[in-house]
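K.L.:
All chains should be built: construct the whole structure from the sequences, respecting the hints.
For reference, the chains in residue letters:
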Amino acid sequence: MKYNGMGIEEIHKLLKEKKIKPIDLVEEAFKSIEESGLNAYITLNKEEAIKQAKELENKEVDNILFGLPIAVKDNIVTKGLKTTCASHILDNFIPIYNATIVEKIKEKNMIIIGKTNMDEFAMGSSSRTSYFGAPRNPWNKEKICGGSSGGSAATIANRDVLFALGSDTGGSIRQPASYTGIVGMKPTYGRISRYGLVAFASSLDQIGPMTKNVYENAVLLNAITGKDHKDLTSVETNEDFTRMIGEDIKGMKIAVPNFFMSEIVSDEIRNKVKETIKVLESCGAKVDYVDIKYIENAVTLYQIIAMGEASSNLARFDGLRYGHSIEEPKDINDLYYSTRAEGFGDEVKRRIMVGSYLLSGENAKTYYNKALSIRDDIRKEFKNVFKKYDFVIGPTTTTTAYNLDDPMDDPSKSFMDDILVIPVNMAGLPGLNMPIGFDKDHMPIGMQIIGNSFEEAKIYKLASYLEKKLDLNLIPGGEK
Amino acid sequence: MNYIPTIGVEVHLELKTKTKIFSNSTNGYGEMANSLTNVVDLGYPGTLPTLNEEVINIGIKAATILNCKIRKQMHFDRKNYFYPDNPKNYQITQARTPIGYDGYVEIEVNGEKKKVEIEEMHIEEDTCKSAHRGNKTLLDFNRAGVPLLEIVTKPCMSSPEEAKAYLEKLRELMLYGNISDCKIEEGSMRADTNVSIRKKESDPFGTKAEVKNIGSISNVGVAIEKEIERQKKIYDNGETFKPQTRRFDDKLQDTVLMRIKETGNDYRYFPEPDIPFVVLTDEMIENVQKDIPMMPDERRKVYVEKGVSEINTNKLVQNRPLSDYFNELLNENTNFKIASNLLLGDISAYLNKKDIQITDTKLTKEKFLDLIKKYEDNTITSKNLKEILDIIMESDKSIDEIMKENGIENITDDSEIREVIKTIIKNNPDSVNDYKNGHDRAIKFLMGQVMKETKGKANPKLANDILVEELK
Amino acid sequence: MKEKLTREEVLHVADLARIKLTEEEIERFQVQLKQLLDDVEKINEVKGYDDDILIACWENNAELRKDEPGEMLDPKEVLENAPRHSGNYIAVPVVISGGEGA
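Residue numbers (my numbering), protein chains in the order written: chain A, 1 to 480; chain B, 481 to 952; chain C, 953 to 1054.
It cannot be assumed that every hint is accurate.
To be verified - Listed below are the simulated BS3-like cross-link pairs for lysine-lysine, each with C-alpha atoms no more than 30 Å apart in a straight line:
(1) A:Lys330 <-> B:Lys741
(2) A:Lys413 <-> C:Lys999
(3) C:Lys1028 <-> A:Lys330
(4) A:Lys413 <-> C:Lys986
(5) B:Lys731 <-> B:Lys616
(6) C:Lys956 <-> B:Lys663
(7) B:Lys609 <-> A:Lys230
(8) A:Lys383 <-> C:Lys956
(9) B:Lys552 <-> C:Lys1028
(10) B:Lys853 <-> B:Lys866
(11) A:Lys380 <-> C:Lys994
(12) A:Lys413 <-> C:Lys956
(13) B:Lys549 <-> A:Lys370
(14) C:Lys1028 <-> B:Lys498
(15) B:Lys853 <-> B:Lys741
(16) B:Lys741 <-> A:Lys370
(17) C:Lys1028 <-> A:Lys79
(18) A:Lys370 <-> C:Lys999
(19) A:Lys272 <-> A:Lys469
(20) A:Lys413 <-> C:Lys972
(21) B:Lys549 <-> C:Lys956
(22) A:Lys19 <-> A:Lys141
(23) C:Lys954 <-> A:Lys365
(24) A:Lys388 <-> C:Lys999
(25) B:Lys496 <-> B:Lys722
Since the hints were derived computationally from the structure, they do not count as laboratory data.
Predicted, not measured: the structure shown is a model, and the values here were computed from it.
P.N.:
In structure tokens, the structure reads:
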């Protein structure tokens, strides 16, 4: 029996009754990670995790997350534990402070198992831009597990740990969650402090929980939200995100954007979503197809805003204060140019070069400001939809996970993979992926549920209802 | 050939706050290198800015003092450029929504008054300090993130004298407003100037040269003068030059080329996503404004109205602590002329000798008012004051107590003095005769006798009056 | 429409981003960056939106911090991750002149 595949309440009970100890979970996690060969982690926190687990034996099991292992995406800084952002430029970087979210999970006495693999600086959609090689999909090791939070998705799908943290700038939690058949939530912008999340595109970045089921997702969200005085964009939260789980969905109004069901989405996925819509309707929900203006432009806006902000956010990696630095630079420019040439991979280089260009001179007006302006309209459009509807739903991805060795020479591909998940980031809304079935190769298909700002609890209600109704076997390779 | 110079000035002031603008590390000067920093100042990955309330308050205050309009909703912008002293390789500043705009400062040059127009003033973060040692540059991040106020004039000045007068005035105002300590030598006030020349008012502006790093206000004058000369020569030779940045070389006392400006500075500005809108309510603004002290020009006006001499007025206004102390008296019914004389005379001498401020002494407002009164009616003579000033300044005791303990008891009792005078008149008939025959100096001899008899305790004015009366 | 950027165009954006490129990279990026620039060009096809801008989905106005000093780093910690240092200073291995200035 694998403890980390059990439900959280069951494990909590075992811990509370001292039938198992945190160290059992930790040892099992490391064994599972090592046997899997998924390359889901960049750094394992083995020594510390074991030490912490033993220390916890003498402490009271005082909360439901007590002693539970958690995987942390490697763009969230952990004091004393290497944080690389999957980049050569930080491959030996040991942070001297903790992200606020790390402080929060430590308060709950959760145990950090390791730092998960990802696309370099979260730029990519398959985790293949990682300096440390791509993680593999537990459903089929020849397939990608998506990105950028690919390692976090893989380790949850493989049931190595119960919890993982990801980050989502343009779908980086929901899209890998979809490819690996797990639940991933991108909360409302501001729900979770970004202090200590290495910035990619500050106006879009948001940390979120990744778990095997809906309930556990809501439980983790409970622990990590809230106003942080170190992050001016964070907001006060005082609610239990599990509170609506179990409620009926009868009479709920759901909108499906026509764009989400257009021919850009594979037949298999479209059909699976249609089937799911039927299930919802049979449960008393009312589903309409709607047009949401500008969502088909979201990728373009995303390219402009995310690349522009990234070019500024990544300027600090210059070989002066931390991180990789070249040997014997000839002059200050050599230090900058060569350190960044050596330190960054292709995807990052492309994005910060184009991003610098988009902000340069008059371009700031013709591209960046225009993008900010249309973004405002997308947000307004969504707000209007939510006046009439409780949810917006649709497929999370246009295809299921593709092969790891598919070509990487198309620079637009990593953006197009996220075409359905990006609109949510533009509008700052909460969005969740949940598995709704499999394709003909038994690769998971995901559906996203988008709610109005701060309505995560309502999203969990619908997702949990549907999860129960669909009752899918979501363990790769069958029972473990 | 004659040219009209056009001059604009940009001033950076380091603000007097306890902490930095975007982090809570200490804002200090002269401490051990890299001892006043945290991960935010160092631009560590994942860090985010917070915003110091006091910086906003000082911004409101400075904007008010400089007669600027205050922006009610602001955001910040990122100014992107790579430089070793720029920790994030972008500086957080206000490019689009400066906290203050459309203001002015009144100056006087050669007796003529003029308004120097303020284009805008915005808040931003300072860079770190670099020092060159051998083949290395050393970085000290203590200054990184110190709050700055940048004040930009319109190109509205036309002589080095105006620019200097503007800077002197700005410095005075900012010192008075407690905005900055304005120490040019420590870098807490830095001035750059833009200079161009043209033949006549109707011509478009000439090519601009910016002169940076000028170490004193008088050197700003020299720099502008030299720059005007340099540009004149170029034009007179029928040549042109490219827009450029120059610096002032202290030894050469001249400007030196730093770099030719590229076509438009490419700072890739965009709105800072990490800091939401800063919204100023009327209440916030009023709260700051009510604590703004009286500015020098108003002080000058009020002091003269209260009967203080022009010389004393200027001396007081130039001495901020004394002027503030003096302002406390303005609502009292007292002799301001005497008050100013005392403050600038014996009291200033005492303060200088002890190297302390008036607020460090025991001279409370009530005690000072009492002193002024006693001085005015001669209860205390200037000779007395010299004897007991140290005690007045250092002891909690009242003036009366101090006088008593030190045997300064001027006889103000009319009858007692009259008694003494009558005896003296009786005993000195020769002198009385001399007086009656018009020998004025006889009265000095008789007064001397009075003071001798009373051991100097007789109130001299009173004694003199009685003596004259008795001699009639 | 041309198919790729010129070498100079690629080198210009590489300059903005302070990245040294190899010959092989220059050639590759001439094509790839052109494709990304064509992508973002699509923004000009979007019509009908209003003038308001959304910098980020801020839910609140900025909360101002009290001017009270907090914890600071020991100079040793400042130097801990710095590739080069000298005494208490982080060092740049070469002399830099002038200054961009604030």
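K.L.:
Looking at the structure, which of the earlier hints fail to hold?
P.N.:
6, 8, 9, 15, 21, 22 and 25
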